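Engineer: Here's the letter readout for the chains.
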Amino acid sequence: MRRILVWTALAALMAGPLVACSSEGGQGEAQAPTGAGVDGVDDGSELTLWTRAPLELQAKALVDAYNKSHKNQVKLTIVPNDDYVAKVGAAAGSGDLPDLFAADIVYVPNWTEAGLFSDLTESIAKLPYADKINQGHLTAGTHEGKKYVLPFVLDLSVIFWNKALYKEAGLDPEKGPTTLDEFKQQALAVQNLKKADTYGTYFGGNCGGCNVFTWFPMVWASGEDVMDPEGKKSLLNGSASQKVYSTWRDLQTAGAIAPGSKDETGATWVAAFQEGKIGVMPYPATLLPTASKTVDVGVTGIPGVSGGQSTFVGGDGIGISKDAEKTQQAWNFMAWLMSEKAQVDVLAAGNSTVARTDLADNQYSAKDPRVATINKVAGLPTSKTPVAVNFQQAFNAPGSPWVTLLRNQVYGDASTLEKDNEAVTQVLGQ
Amino acid sequence: MSVASRISVTERSGLVSRPAAARKRKLTGWAYAAPTALFVLIFFVTPILLVGRMSVSDWGLFAGNRGLNAPENFTDVAEYRLFWPAVWFTVKYTLVTTVILLGLALLLALIVQESSRWTGFLRTSFLVPSALGLASASLLFYALYSPQSSPFGFLGVSFLGTPTAALWSTVALIVWRFAGFYMLLLLVGLQGISADVYEAARLDGAGRWQTFRYVTLPLLRSSIALCTILCVTGSMLAFDQFYLLTKGGPDNSTLTIVQLIYNFAFFGGNDLGRAAALSIMLLAALLIANVLQFRGLRGKEG
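First to last, the sequence lines map onto chains S and Y.
If you read the first sequence in UniProt numbering, its first letter stands for residue 1, the second for the next number, and so on.
If you read the second sequence in UniProt numbering, its first letter stands for residue 1, the second for the next number, and so on.
Mixed in with the good hints there might be a few duds.
Said to hold, decoys possible - Have a look at the derived ranges for each label pair, beta carbon to beta carbon: (1) Y:Leu219 <-> S:Ala414: 56 to 62 Å; (2) Y:Thr46 <-> S:Pro80: 24 to 30 Å; (3) S:Glu168 <-> Y:Thr119: 55 to 61 Å; (4) S:Asp96 <-> Y:Thr46: 17 to 23 Å; (5) S:Ser306 <-> Y:Val157: 39 to 45 Å; (6) Y:Gly52 <-> S:Pro128: 53 to 59 Å; (7) Y:Ala284 <-> S:Asp82: 27 to 33 Å.
As the list claims (entries may be wrong) - Which chain S residues stay away from chain Y? Per the calculated CB distances, all over 10 Å, these: (8) His70; (9) Thr77; (10) Gly255.
None of these hints come from the bench; they were simulated from the model.
Computed from a predicted structure; not experimentally measured.
Note that CB positions come from ideal geometry on N, CA and C, so glycine has one too.
Full structure from sequences and hints, please.
Structural biologist: Below, the structure is given as structure tokens:
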């Protein structure tokens, strides 16, 4: 059965590009999005939008708000996370991409290079607040000087700690770690409570994406970098990186990392903290509302070796696809997405991070200082979105050289760092 | 083939004398075969030809066909750092699963063969897991194995944490899921053996073991062969269980060939050309394995 499925799937993909070749001539008919001014066209067209499942909450809220206030109607399709690349790939081949689609920001460089998005350089330049839009996402969506992508939903990594456990352990419940050593000490303090089912910290020990998201900021906050600017060479053997690895290795040796982290593939890496079993760990900021339901959460930026703060500006960028015909209508959605109405009244109201620095202080962040903290960390110059064409293969894919590197550093033979780092570089440079 | 032989038989028997009638019969034969032939053409031959073409092309997931890239696709795959580990693991997994699964299925079939008070209950309970899809079963076992939800947490065992544990945990899932199915196949074979043979064996004074060794096993050979072929093919194409339970981890120790194909195509590689090349290599390996099994089987029967 499996064989037949694989063959048919491949066959379907094969047949796709053949069709696409014949219809390529039609692509020029779509009008340039700039033609209709800053706001695009709102004439009651139906637009299609794809996104992956982890962003369901924000995507639904945004689309509902847009549909209520506009003549254009956006039809949202949510695709399971692991199927998203395959689905986009198949649609790209057959020329069936939706008008608008979001992409994990770390895959955007690869997808812009493959020509999946329409050029939005002029349209973006016309936005009055163009220079206030999150730079990390804009940079990731720029290919050969042309801009293709705007931030859709930001997902940041920050340190979460459990205030109740901190109090029990004799730590200041209002003060999170400001250096890597403090992070280690605080995790050990919670571990030393020796409470049943309670541990100092947790991480995705078999998950490349989790530790890209949570460990890279530790390096950036220390003033170092993880890759060269072209995204072709790995710098994950630097002194700050080594301090990150040894911190986690020490915690592992001390038994302060919850069991299960060693084979955690990422499916449940946020669960233990939500259940109140974890003292302190780097965590996705988008889950603050969910975690707050069960735990009294403290929030701060991810610290570096000796101070500094940073975050991984992740999440999804959105662009108009190469196959879109209603580009001016699609731009209407994109322009609205960047407006105060969408950023504050929808995203900030739903406790998500805003994508414009001038809106970081708003009525909702004023209510919850933790949200203000998150917004502020997002705007720091040390907060980045790493850009590399082969990012997925080098870091996120199961069995990537990065997973090998980090597992050796925490669990295995730490002396293989140079060799493992070279393996990452090799994949990046392909 | 059957059409041709039927015609030759009728011609030899002299039932048809005029060539027109023969042609009509021939056409009718083709008409009978056409639907199947059409299905085979659309759903088997065409995809294989397309994959064949893909395997010699530089074919990106997003970029489409960018021209010829043979034999680089094949050499790249063979030189890929995880290729040989994946081949070795798939072979190891196939051997372990086939031996355990068929041994256990035969044992179960022998237990439930004779009717007793418990037979109905036993048969049902062995067969129930087969009603569950493999993906659902894997998810079920994921919950059983995950330290966060496992009821066996108190044992302090990491089910998926080490390469050996991950292999055996997956084998346990597969045995649980498929033992009932193969038991059923073997049961049909067992019940096809005439009671007379057993009676004759008993009259000749054969013991339990002798009956099993010299009567049951030889007469069950075709059923066992069928099960082996299904089991070997299924194991060489293993994907769902590892995709859900381990994603190939820990440390790439449970990466199967089909997972590697998937990774080449969709998970990081974005390269359909290399994925197709590996598919072709796997297809060739499967063909060889099946031919060998059929030949071995026929040799023994002869």
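Engineer: All hints are to be evaluated individually against the structure, with a verdict given for each.
Structural biologist: Here is what the structure says about each hint:
In this structure, Y:Leu219 and S:Ala414 meet the distance hint of 56 to 62 Å, their C-beta atoms being roughly 60 Å apart. A C-beta distance of roughly 29 Å is found between Y:Thr46 and S:Pro80, which places it inside the suggested range of 24 to 30 Å. The hinted range of 55 to 61 Å is satisfied by S:Glu168 and Y:Thr119, whose Cβ atoms lie roughly 58 Å apart. A C-beta distance of roughly 21 Å is found between S:Asp96 and Y:Thr46, which places it inside the suggested range of 17 to 23 Å.
For S:Ser306 and Y:Val157, the Cβ-Cβ distance of about 40 Å falls inside the hinted range of 39 to 45 Å, so the restraint holds. At about 55 Å, the beta-carbon gap between Y:Gly52 and S:Pro128 stays in the expected band of 53 to 59 Å. Separation of Y:Ala284 from S:Asp82 is about 29 Å and conforms to the stated range, judged on CB atoms against 27 to 33 Å. S:His70, annotated as away from the interface, keeps every beta carbon of chain Y farther than 10 Å; the closest lies near 31 Å.
Taking the minimum C-beta to C-beta distance to chain Y, about 18 Å, the non-interface status of S:Thr77 holds against the 10 Å cut. Every CB of chain Y is more than 10 Å from the CB of S:Gly255 (nearest about 12 Å), matching its label as outside the interface.
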